[in-house]
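> Please build the complex by placing chains E, D and B with the ligands on the supplied structure of chain P, with the hints as guidance.
Here is how the chains run, residue by residue.
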Amino acid sequence: MNNESIVKQFPVIEKEGLHYLDSAATCQKPNCVIDAMTNFYKEEYATVHRGIYDLSQKSTIKYNNVRRQIKDFIGAKSEKEVIFTRGATEAINLVANGFAAFISEGDEIVVTETEHHANLLPWQKIAKQKKAKLIVIPILDSGDLILDNIDKIINQNTKIIAIQHVSNVLGTIHPIETIIKKAHSIGAKVLIDACQSVSHIPINVMSLDCDFLCFSGHKCYGPTGIGVLYGKEELLNKMEPYQLGGDMIRTVTFEESTFAELPMKFEAGTPPIVEVIGLGEAINFIKKIGLEKISSIEKELLEYALKEFKKIKTLKVIGDTKNKTGVISFTLENAHPHDIGTLCDSFGVAIRAGHHCSQTTMQHYNVAATARASFACYNTKKDIDKLVEALLYIEEMFE
Amino acid sequence: MNNESIVKQFPVIEKEGLHYLDSAATCQKPNCVIDAMTNFYKEEYATVHRGIYDLSQKSTIKYNNVRRQIKDFIGAKSEKEVIFTRGATEAINLVANGFAAFISEGDEIVVTETEHHANLLPWQKIAKQKKAKLIVIPILDSGDLILDNIDKIINQNTKIIAIQHVSNVLGTIHPIETIIKKAHSIGAKVLIDACQSVSHIPINVMSLDCDFLCFSGHKCYGPTGIGVLYGKEELLNKMEPYQLGGDMIRTVTFEESTFAELPMKFEAGTPPIVEVIGLGEAINFIKKIGLEKISSIEKELLEYALKEFKKIKTLKVIGDTKNKTGVISFTLENAHPHDIGTLCDSFGVAIRAGHHCSQTTMQHYNVAATARASFACYNTKKDIDKLVEALLYIEEMFE
Amino acid sequence: MTGRDLYQDMIMSHNKKPRNFKKLEDATHIAHGVNPLCGDDFYIYLKVNEDNIIEDIGFDGSGCAISKSSGSLLTSSIIGKHISDASELKDCFIELITSDNSTEESKQKLGKLTIFEGVKDYPIRVKCATLVWRALESALESKVGETTEISTE
Amino acid sequence: MTGRDLYQDMIMSHNKKPRNFKKLEDATHIAHGVNPLCGDDFYIYLKVNEDNIIEDIGFDGSGCAISKSSGSLLTSSIIGKHISDASELKDCFIELITSDNSTEESKQKLGKLTIFEGVKDYPIRVKCATLVWRALESALESKVGETTEISTE
Ligand SMILES: Cc1ncc(COP(=O)(O)O)c(C=O)c1O
Ligand SMILES: Cc1ncc(COP(=O)(O)O)c(C=O)c1O
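Protein chains in written order, with the working numbering: chain P, 20 to 418; chain E, 20 to 418; chain D, 362 to 514; chain B, 362 to 514.
To be clear, the hints were calculated from the coordinates, so they are not data collected in a lab.
None of these values were measured; they are calculated from a predicted model.
Some hints could be false.
As the list claims (entries may be wrong) - In silico DSS-like pairs for lysine-lysine, Cα to Cα no more than 27 Å straight-line:
| # | chain 1 | residue 1 | chain 2 | residue 2 |
| --- | --- | --- | --- | --- |
| 1 | D | K473 | P | K332 |
| 2 | B | K468 | B | K481 |
| 3 | P | K81 | B | K481 |
| 4 | E | K257 | P | K149 |
Chain P on its own, in the form it takes in the complex:
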């Protein structure tokens, strides 16, 4: 598979006896990302935007460079379309809050059956507030969306479609191009939750033509506390600011305040400066390896795992679509996912068990929880071998 040189860059992954298979929850960080932040704190730290002294100006330049880097990385038209948030959750709440003004009674908001709570609850709230309807695109047991009825689901009443690019429970890659085209044909907007795709699949917002897109830094080899919202300039301009405070104003009096232009309008307060620096380095890291290479490593791991899992008789993979990333949810017939999780841990294998912040997905499959293994570019077949060893042990233990 030839990713030894990648593995070496991740101090946690290099730990003896640890098999980290929970990258869909959060990624480990390469040294370059950690060091970029450490060095910034030790050598260059200062506030941005406002300081006129050298340290702050340099800090500001570095900070703004990352915005340009992200613009290039996702293929946005302008840096004004790149908003730093504290994570995908904030990004979606920001869009829902600002987009609410365009939603009226009887309008429809469309999500999928497998949305993460972050891309469901804000829309559920807006729908309630505005007496709009929340419409769900259902899935097949394979995890693929059922699009037969798409002309009914996306119709003249549809105002926005909030959809994950990839399911964090099943790994399904959704046909977002089709959905975006359909949406635009009737004038609806589309928000893509790219949390589970941005560090796995190449994305270009301009060719996708999506209206909004968001992701979290910590799931793409970057630090915690940082996320990105992309939005078309024209739409962001029409939306009210989300949080109010310093840095997002033009003039303030007690009677009236006016707001700054994009992107500052949506970035109230001292931004997560060092997290932005770290995210820039994470994007560098991804670009250096290349998303094609990353995705081929993960594909190989996925295929290997699915093959090896056949050795475990009572194991059932949940969602067997062919079109997926390196995320596998599964159950064992007699062992509860939480027992699987704790017992895997005793083998040094870190997998996730639970509802993965998507209870509606659990409801579809009528399970309380699943176990989930997910891969990143630093995983190896050894990790999977160890997982299989653990699962065989658990299977036997629970007969």
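Frame of chain P, contents of chains E, D and B with the ligands only:
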């Protein structure tokens, strides 16, 4: 002054030729804070709350320990009252958003004339939305609040008073105890913006009896991307959640969702995990030195600076209250604050120039901007000497 | 210890064949406990007589081996006991796996229930082990005929 | 270079005694430029005749030495010029301090205005140096009699 051993802990401050006097904007970080985050990323990084593997459980324990630490540091009753936010700005927006439900037409919201935009704009917005009145406690030219009329200002219509503990422009320490007592006597609530006090003056929310209090990590020797909101349990329980998403739910279906208990209810999404770890270490750092010691260092610097500033004939200190922290705003008769800033920088002196995110303070003094020097425990008299040298040079240059 | 040591034979056996795994039709106290994080979901049924003795007990629902075996051992430990003794045992059990303050005396009372002590090292699993106990607590505090709801987060 | 080198004698002198620092009562084009970050706040007044020649020019307001001296040098550089020449000079100036692409030819056109080149290294101050120029741009694009508003952020 005897703070050499402190200075040594700050890599940026130790830089040859740099005199950092912009700590009111953001503090430099001690090695212990930077190292705690670096080590966490390199050795222990994993998600919190949800992983059942060892790494994640340890991560969760460390994360929760910081909540306890902060509870103790600010004297809260329970850890449920400590909410992690991405900064003070988010904390205030959260309170304004949740408190809006208790505000009706004709109600009054009270702020001071010198609020930071972060503690003015969210209230201005709520006031507009709810047709409530925004009432301002004015200041004397000294920077002290005019409280003669306090019985008129805080009256039966007052619902909440949002007030800074210390002005970030003038350094004035406000008599918040008096205001809290007055507010409670008529049933109003009080939010304290403690951004400029928490790392300078000891605070105890229980003895203050304030209803809300907030601060940012980056202004108290901690990392960017993290802040704290304290709120009385009973009030937080009554407030709607702010952002919606993972980790803050109990049950989710497409029809209805229910929310988790405090503090999770207000912490949607993957939290700023590593920033929390860094903040914990910053609190350790402050406790180890002691706020009494910190405040005495800063007092000495303030007195020394005010004395030395007398040498500069055309320098005018803005806000000459006796009751202040180590923050000095000033102007020179002939040089614009921005020119002062750029020219000080050429001496290696980093000061701030501008409106400091409080245009209403500028309006009071009828200036477009001020220059501002602000101190932290790592500053020395040498920093002030260099500043004075620069200012004398600038004064002469502009005659 | 590793996670594997948690799953001792007794736990595995109670998981496989939980005792008193039934609904009581004539229960006087019912409580429903869920752990939203794992999806553990159990009902506990008590039949308490006039002398405050737990005459019969049952539990049903679904969950992991830790929660199910803990529920099973709970039922067999308190059946026939006075509700104040049951309540005391519950306190001892919760103390055992959530603190370091459990006394020798308290451990003696717990008897074989002490096999859950190791759960203490797995904070996320503590909620599994205590779920049915929290439901018991709620049931004991409830009025006759009422079904209470609890959730561990 | 350090910040000190920015403040050359010419800049200091234009700051102290700005040329054309006046309001034109008979202006044909007026623009108001503010830099909310610093509080720099200037009006520029143009009197353009039928042949599109800038017959008279004035500016007033308040701001830092960089913005004021830049405004002063602006006025003395374009007075008496055709508006298309003024516009070209404005482009050259903005290019000079916001990019690395300024050509020798362009610099020759700018003449003494090149003393602002060093501002390029101070991104926050670039807005000071360009403020009155941006106002000029806006004034030239405006209709006769209209006052336009611009803000640099
Ligand atoms: C008094 C005061 N309040 C609020 C803030 C806002 O803090 P932040 O920008 O970290 O959210 C600041 C600092 O910028 C401040 O000084
Ligand atoms: C598909 C998806 N959407 C949204 C989120 C929320 O991201 P965060 O918790 O970083 O805000 C996640 C991850 O938790 C996710 O996997």
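> If you test the structure against every hint from before, which numbers come out violated?
1
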